[in-house]
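Novice: Below are the chains, spelled out letter by letter.
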Amino acid sequence: MHLTLEFGGGLDLLCQSVKIHQVDVAPKDENAKLTMRDLLAWVRSSLIKERPEMFMKGDTVRPGVLVLVNDCDWELCGGIDMELEEKDVVVFISTLHGG
Amino acid sequence: MEEGTASKRAAGRFCSICTQRKPALRRPKTLEQICRECFYAVFEEEIHNVIIKNHLFKAGERIAVGASGGKDSTVLAYVLSELNRRHGYGLDLFLLSVDEGITGYRDDSLETVKRNEIQYGLPLKIVSYMDLYGWTMDEIVKVIGLKNNCTFCGVFRRQALDRGAAFLKADKLVTGHNADDIAETVLLNILRGDIARLSRCAYIMTGEDGPIPRCKPFKYTYEKEIDKYAYFKKLDYFSTECIYSPNAYRGFAREFIKDLERIRPQAILDIIRSGENFRISTTTRMPEQGICERCGYISSQKLCKACVLLEGLNRGLPKLGISRIKAGNDGSGRPDEEPTRRGREVERPILESKPCGTLDF
Ligand SMILES: [Zn+2]
Ligand SMILES: [Zn+2]
Ligand SMILES: [Zn+2]
Numbered sequence: 001m002h003l004t005l006e007f008g009g010g011l012d013l014l015c016q017s018v019k020i021h022q023v024d025v026a027p028k029d030e031n032a033k034l035t036m037r038d039l040l041a042w043v044r045s046s047l048i049k050e051r052p053e054m055f056m057k058g059d060t061v062r063p064g065v066l067v068l069v070n071d072c073d074w075e076l077c078g079g080i081d082m083e084l085e086e087k088d089v090v091v092f093i094s095t096l097h098g099g
Numbered sequence: 001m002e003e004g005t006a007s008k009r010a011a012g013r014f015c016s017i018c019t020q021r022k023p024a025l026r027r028p029k030t031l032e033q034i035c036r037e038c039f040y041a042v043f044e045e046e047i048h049n050v051i052i053k054n055h056l057f058k059a060g061e062r063i064a065v066g067a068s069g070g071k072d073s074t075v076l077a078y079v080l081s082e083l084n085r086r087h088g089y090g091l092d093l094f095l096l097s098v099d100e101g102i103t104g105y106r107d108d109s110l111e112t113v114k115r116n117e118i119q120y121g122l123p124l125k126i127v128s129y130m131d132l133y134g135w136t137m138d139e140i141v142k143v144i145g146l147k148n149n150c151t152f153c154g155v156f157r158r159q160a161l162d163r164g165a166a167f168l169k170a171d172k173l174v175t176g177h178n179a180d181d182i183a184e185t186v187l188l189n190i191l192r193g194d195i196a197r198l199s200r201c202a203y204i205m206t207g208e209d210g211p212i213p214r215c216k217p218f219k220y221t222y223e224k225e226i227d228k229y230a231y232f233k234k235l236d237y238f239s240t241e242c243i244y245s246p247n248a249y250r251g252f253a254r255e256f257i258k259d260l261e262r263i264r265p266q267a268i269l270d271i272i273r274s275g276e277n278f279r280i281s282t283t284t285r286m287p288e289q290g291i292c293e294r295c296g297y298i299s300s301q302k303l304c305k306a307c308v309l310l311e312g313l314n315r316g317l318p319k320l321g322i323s324r325i326k327a328g329n330d331g332s333g334r335p336d337e338e339p340t341r342r343g344r345e346v347e348r349p350i351l352e353s354k355p356c357g358t359l360d361f
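Listed in order, the protein sequences are those of chains A and B.
Each residue of the first sequence is one higher than the one before, counting from 1 in the UniProt record's numbering.
Each residue of the second sequence is one higher than the one before, counting from 1 in the UniProt record's numbering.
Because the hints were derived from the structure by calculation, they are not lab data.
One should not assume that every hint holds.
Okay, derived cross-link-like pairs now, BS3-like style, lysine-lysine, Cα gap no bigger than 25 Å in a straight line [to be verified]:
no., chain 1, residue 1, chain 2, residue 2
1, A, Lys-33, A, Lys-87
2, A, Lys-87, B, Lys-22
3, B, Lys-234, A, Lys-19
4, A, Lys-19, B, Lys-233
Turn these sequences into a full structure, and let the hints steer you where they fit.
Specialist: Here it is as structure tokens:
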């Protein structure tokens with residue numbers, strides 16, 4: 001599944017200072033849907049190069065990290081259980097990098 | 001399953017304000033689901049209401065906006081200039097930035113502020129540590145190391161802002177401290193038992209008796225919403241951590257606030273309210289304000305804090321002034337001399353939230 005991931009508010013520093021990533025992420029098995037939970041696990045293992053604790057806490061994003069899917073707050077779309085679709089744009093912004 | 005169909009893209013639901021567009025976010029205070037356009041409107045009007053209700057400004061005033069290039073102060077400068085136009089406040093707005101002299105951090109964020117100057121049409125004044133004190137933060141860190149540098153940064157920045165505001169002949173200085181910052185400061189002051197600062201840190205305006213009153217129009221504005229506003233409006237801001245900030249202590253309180261917010265968004269406002277409501281009578285009096293013998297800045301001692309720190313730096317005794325300032329503040333500093341109750345009050349730096357480098361002053 002092709003997705004656009006954008007990291008802001010300093011989170012880009014965790015992935016080699018690249019803000020926008022065009023990625024292909026496969027669901028765990030062919031028939032399953034890709035959820036935000038799967039995507040976060042994938043980002044953590046494949047994209048984040050340092051200090052993963054700045055991005056995640058447990059199996060979800062750290063409090064203070066905003067997540068928008070196609071410019072809609074993920075809280076409105078099911079949060080971590082939300083199912084992603086082809087060409088979705090997912091934005092992560094840290095609010096913890098200060099003023 | 002209900003979740004599965006209802007969740008995706010909030011399909012079928014509409015903004016609870018205009019009932020026409022799809023919602024883009026949920027307001028933490030009211031849990032309403034609203035669209036982007038309605039979000040801009042309520043976000044801005046809420047700040048307008050805070051300004052009016054608290055009589056923050058008078059027509060004709062010159063207002064310096066403490067601008068770090070970070071998201072809070074960038075959103076503040078943008079929203080204030082919008083509201084000033086829309087509601088005819090009659091204010092003269094200026095951007096005021098401090099150049100601490102931190103290579104790779106402040107020089108980059110100042111570029112952001114310079115772009116903001118053009119984007120928002122607000123005149124910019126930059127005051128630098130080098131001009132005011134003869135030292136850059138880079139040079140100070142070389143001498144004192146990373147341990148106490150935020151003491152210097154904090155004391156110097158506070159005074160630099162006052163001097164910049166005086167240069168601009170500003171009537172008031174506004175800063176981008178938001179509800180999360182204030183809740184965090186209330187918590188830290190409770191943890192430290194700093195009764196004197198506890199209710200004061202929650203005031204929307206301070207220093208009304210001093211030369212430049214400071215106020216916080218974002219006192220009730222959630223950081224989360226400031227971030228979304230900055231993102232949706234594509235505002236030009238800078239977000240990298242100060243390379244000298246030792247994050248740990250305040251970071252902990254910050255994370256606690258964010259955890260609370262996740263469980264109960266209202267918690268942030270509740271903490272601010274409890275800060276406001278503390279009225280504990282103590283024998284501690286606030287010291288009388290005089291003037292620093294050396295530089296003329298307001299001070300309750302012969303020399304102001306900045307001059308004491310500077311003297312240490314210039315005499316090659318950079319620890320001078322630090323231990324006394326730290327005494328009773330975080331408990332880790334051992335005082336050179338047992339400060340009097342009054343003395344302690346004088347020397348405590350005002351507890352600001354966020355590591356000083358990333359702080360919106
Ligand atoms: Zn609407
Ligand atoms: Zn002085
Ligand atoms: Zn600092």
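Novice: State for each hint whether it applies.
Specialist: Hint check results:
1. A:Lys-33 to A:Lys-87: holds, 14 Å
2. A:Lys-87 to B:Lys-22: Cα-Cα ~20 Å, so holds.
3. B:Lys-234 to A:Lys-19: With a Cα-Cα distance of about 14 Å, the restraint between B:Lys-234 and A:Lys-19 holds, given a limit of 25 Å.
4. A:Lys-19 to B:Lys-233: holds, 18 Å
In the structure shown, no violation is registered for any of the earlier numbered hints.
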